[in-house]
Amino acid sequence: MATHTTVNLEQVAAEYRKAGERLRRRVVICAGTGCVASGALKVHEAFARAAAEGCLEVQLELRPHDDAGNGQAGPIDVGLSKSGCQGFCQMGPLVTVEPDGLLYVKVRPADVEEIVRETLMGNGVVERLLYVEPGKAHRCRGTGDIPFYTRQSRLVLAGCGALDPESIGQYIAAGGYFAARKAYTELSAQAVCEEVLHSGLRGRGGGGFPTGRKWELTRVQGGPKKYVICNGDEGDPGAFMDRSVMEGNPHSVIEGMMIAARAIGADEGYAYIRMEYPLAVRRFRKAVADAEALGLLGEDVFGTGQRFRLHVMEGAGAFVCGEETALMASIEGRRGMPMPKPPFPAQQGLWGKPTVINNVETLATVPLILAMGSAEYRAIGTASSPGTKTFALTGHVANTGLIEVPFGTTLREIVYNIGGGVTDATGEVTGEGFKAVQIGGPSGGCLTAEHLDLPLDFDSLRSVGAMVGSGGLVVMNQQTCMVQIAKFFMQFTQNESCGKCVLCREGTKQMLALLDDVAEGRADLGTLELLEKLAYAVQKGSLCGLGKTAPSPVLSTLRHFRAEIEAHVVQKRCPTGQCKALVSPEILADKCKGCTLCARKCPVGAISGTVKQAHTIDVDKCVKCGVCAAACKFDAIVGVG
Amino acid sequence: MAIRGLGPADAKVPSRALWVCIRNPQSAMETTMTTKPTITVDGRAVELDGERNLLEVIRKAGIELPTFCYHSDLSVYGACRLCLVDVEGRGLCGSCSTPAEPGMSIRTGTEEIREIRKITVELLLANHHQACPTCPKTHNCQLQELSRKLGVEEVRFRSTHQPVPVDKSCPSLVRDPNKCVLCGDCVRACSEVQGIGAIDFAGRGAKCTVAPAFNKGLADVECVYCGQCAAVCPTGALTIRSEVAEVWKALDDRSKTVVVQIAPAVRVGLGEQFGLEPGAVATGQIVAALKRLGFAQVYDTCFAADVTVLEEATEFLHRKAAGEKLPQFTSCCPAWVKYAEQYYPDLVDHLSTCRSPQQMFGALARQMLPARLKVENKDLVVVSIMPCTAKKFEAGLAKFRTDGRRDVDFVLTTQELARMVEERGLRFADLQPESLDLPMGFKTGAGVIFGVTGGVTEAVLRYAAEKATGVQLQGVDFLDVRGEEGLREAEVALGDTTLKVAIVHGLRNAKKLAEQVRAGTCPYDLIEVMACPGGCVGGAGQPSCRDRSAKAKRARGLYEADKMLQLHKSQENHMVAAVYRDLLGEVGGEKAHHLLHTKYHARRRITDEGFSLLGSVGAVKMSVCVGTGCYLKGSQDLLHALVRHVESQQLRDLVDVRATFCMEKCDRGPNVRINDTVIEGCSFEQACQALQAELGKTVAP
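Chains as they are written, first to last, in this note's numbering: chain A, 9 to 649; chain B, 17 to 717.
No lab work stands behind these hints, which were simulated from the structure alone.
Hints should not be assumed to be uniformly reliable.
[Unchecked claim] Straight-line alpha carbon distances no greater than 25 Å define the calculated DSS-like cross-link-like pairs of lysine-lysine that follow:
#1 B/Lys134 <-> A/Lys541
#2 A/Lys349 <-> B/Lys134
#3 B/Lys134 <-> A/Lys556
#4 A/Lys548 <-> B/Lys165
#5 B/Lys223 <-> A/Lys548
#6 B/Lys165 <-> A/Lys541
#7 A/Lys548 <-> B/Lys134
#8 A/Lys629 <-> A/Lys588
For reference, chain A alone in the conformation it holds in the complex (with noise of 0.2 Å):
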């Protein structure tokens, strides 16, 4: 295309504006990866085929256009979309109606029926799809009154749920890339630069650097030639914030790299985003593909004849690849494998060039600011971690799903009162269970009761030997071994170990077999020194942030679970019961009423013994699954389960 002229965004958004204007209801149901696994799109299509039969006029598409002939468009009954994902991953699927401002919760196409009846047609509420939170009669009506949402700060995530993400135009309806136009035709790149600085937006990916800083150290290298990164390659287990972002509000993350773009003088991007997020890909992919039809990503970006085009591209499903010059490697399609730092990326990146990476989370907040202003965005969450922070809840909490919270909350209110409690092996919360969260995942540590009070920032989850990380955050009951927890982080590096260093590579592999001695009963107080030193070693020695935050979730464990890992070594005894190679079942004689519910219960025939008689346990044959425990009324089994 040669030429085009510069897309008037008030004129794209007042015409959705008015597009939706014409609809009486929106249905918006949540098509995040989670709500889709338990049949989101089933309900989607049972709305469209029940509003049909109720002679409901329903549109599954806004298009501003339809009146463009006559003028003369109609109301509409219903507009049916699809929103990136809501959250409340735990209650899915999620069914919003709007205006009435109700969400219906766990929906199953059989429900739709009635909602269409109930709602849709007779302006009436489906009470029995409504929250309701646990250990309470009250039924929620809809994100105004549900404490999961009441109690969280949903700045980046505010899009996600209520914008369709594969609409360019309700995005920029709701405000989108105005921000961008600000940035490109009002500001100077030094002026974005310090606008970021400015609102002390620190990177959302787990370092924690300033992002304005980032910026003006790219924006002053010389050359013609810089670029920009979207890090998407979130690869922490049971972390998808980022895939929320890029699947829920692409267009945020697309206009967060543009105004990067502009503030270090770039004209190329990439969005490298994990292989194993394929909506992402796809939604992302039509977003850049819609930005460029609009004429906002391309050669003459606001008519300033600066140059943006935006590559999307698939990571290579290696957790390693998050690391940035790894990335950068992938990108350019080498092996991913770290470099050493210096060069930095904003001296020597993609390609030798001067490149700015940022997390997906960082780019979604950059429009935000820049439209609220820095010092108000600055008023948000704490003096050194200014702005919100979004966390995957996930583990033994009630409401488990995706959640956003200024920085300085405290781990008590996610847990409690956000997350509406600690649940037990049956899922039932109870009073007592709490014994620790896993923050920031593999290279993260463990927080426990004693730091519920404590303000989560940055700093202060440094201070005490955690991180944030990219913001994974398991929740773990009593039931929880923290051996098992460091082991499976450990399992986790070690597989995902580029295999480069020394240290990293041999010494995640060396920390999981000590770890494995301590659950398996070989270990002494001896293990746990070298476990100790060894650690130390990799996490000084290492040439990546992979290698050097690898032992964070063993010294993190051997800090505040001292007691309980000696237990394994001194005692030979697992206190949760979870190291199986530490469990000998024992049934006590003088409790045993010989009942033989035990030894019909077992499944591997270990129990033997005769009716009204004492039994006993063969441990030679016992599996060590504590079925025999559970199952007697005597108590007269120990050691296991």
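For chain A, the structure is supplied; the task is to place chain B on it using the hints.
For chain B alone, coordinates are given in the frame of chain A:
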């Protein structure tokens, strides 16, 4: 006049004379106010002099930091973590990858650093096949050495070593992943020095290995057997494939007469293994040692090199006169020849058709020696001592045979000869020099300098200059073609014409010139190529030596040896002249051509069965080559068209359409093979016709 290339010889060698160590920091400040900036290393000021990184500054200060993965010839990798130092204000940094900044204060051996280094070596040992006493690298293993130096007295970690098969597929090298420490030196040598990349990292985490493509053997991939990977390998993961046992067996067989030729570079290499200075010329001792080992006659490859000069220079003057197939590339280096056959099959006509001196010697030995030594060829065993691993491959090529028997039976590297000397218990330094046997032990200095980069060119010029002008040369030294740069050029006046010659070592440099030739922009008449940095003196068969100046010293040794000889021009070798008179006839004549020249052909880079595209197991196999040569001639489109054809004609169950790599007819592509028939320059219509015919044969009742 030289072009600065990217060659290994360009790397800066830190000079020990430059380092300054001042005890008093105060006076250091004063002294350096007017001189160079400094950093503080373990409390002492050290001047900066443009070193690439902290490691080089620290080594200049006389502290040998341990490293596995740092080679000043190669790019910085930063993986072994042994060169960690504590930089004030920054904490631990890899010194290899940290630039020195004035004012830095560095500590190199804190308790923390020493513990991390120990742990690092222990971790490597825990995952190492610790068969040290029987490892070929045992005398020279850096893992052993570091373990001793760092005081590693026990391995506190449990062994995690999982045995994997050893790759003995190729004639030159043995790849034993069980000994690999994954330092990546070999990977970088192959890609950065040779521009090949026959081996690379594969797998992640604990499964990470260095392997050829698809984990094939080295024999099945593009490896040119130069052995530079083995030369940089710090452990026994890449070693030379030994033929010592076979040679002992021949020597022990009383029915055999075993003769040996020694290559030029060997005489300046072997002594290093026995405590002589690098570059010390030990020809006489080598002869004495070989005689004691039981070799009947000891000859010199330099004799054959003199023959090569006559043949190659004559060939060149013919081409120059005719203006054909220029530039002419030399063909003495078998790694280069294999490289050219693999990557530049369209340029093999530019290679001199001369066999290498090793193979000329072999062919002449088979002709001359049976009568002379009164032995039948079947009982004559020809052995070479070479600085080179690729020569083992070359000697095994089917084209270098006389009456079905290998011209050169066994090739030993300098290292293998050293082992035999050690095994026999000879005190090398005490051996009284002995003389080479005639006639094939007689040579001129021109043959001797074949072992150094630029030497072949100089030897050819010494002949060509006289031949072209008819005037005797005043001096024989062509200093312009000597040097260490990876890519050099020179202009030489030959009568009224000016010759432009280029000399490259390191195949990555050769690639640049080959690309120029392909593009038609190459200005040279003659190009000398040696795969190994420094030429044959830097061959992978030479003793491994960590003295970085060793190659230059060996080169000087050869130039000295040239000076010490009476004759310097191949045309003055009267023994060679006698061979032409009695056996070969005219230089470049028919008999000479038959015995001393060869042909080249396109060579595939990887063995492969190809990939089935439709997943069928049809009776007819149709393979379309999608290798580079055929791809450029449109084979990919042809393949797609044929797939569509097979699908639309509903022949899926009958025809297995495959994409394959290289049928070694790169100049005649696109090549399509239908069952056993290869169709060159195949069009879509031709392929369809042939397919129809084949289907008629195999499917019709």
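Here's how the hints hold up against the structure:
For the proposed pair B/Lys134 and A/Lys541, the alpha carbon gap of about 11 Å is at most 25 Å, so the pair holds. Between the alpha carbons of A/Lys349 and B/Lys134 the distance comes to roughly 24 Å, so the proposed pair stays at or under 25 Å and holds. Our distance criterion of 25 Å between C-alpha atoms is met by B/Lys134 and A/Lys556, whose separation comes to about 18 Å. Restraint check: the Cα-Cα separation between A/Lys548 and B/Lys165 comes to about 22 Å, which is no more than 25 Å; the hinted pair holds.
Proximity of B/Lys223 to A/Lys548 is assessed by CA-CA distance (about 23 Å); at most 25 Å being required, the pair is judged to hold. Under the criterion of a C-alpha separation no larger than 25 Å, the hint pairing B/Lys165 with A/Lys541 is consistent with the structure, at around 21 Å. For a cut-off of 25 Å, the pair hint linking A/Lys548 to B/Lys134 stands: about 14 Å separates their Cα positions. For the hint linking A/Lys629 to A/Lys588, the alpha-carbon distance of about 13 Å falls within 25 Å, and the restraint holds.
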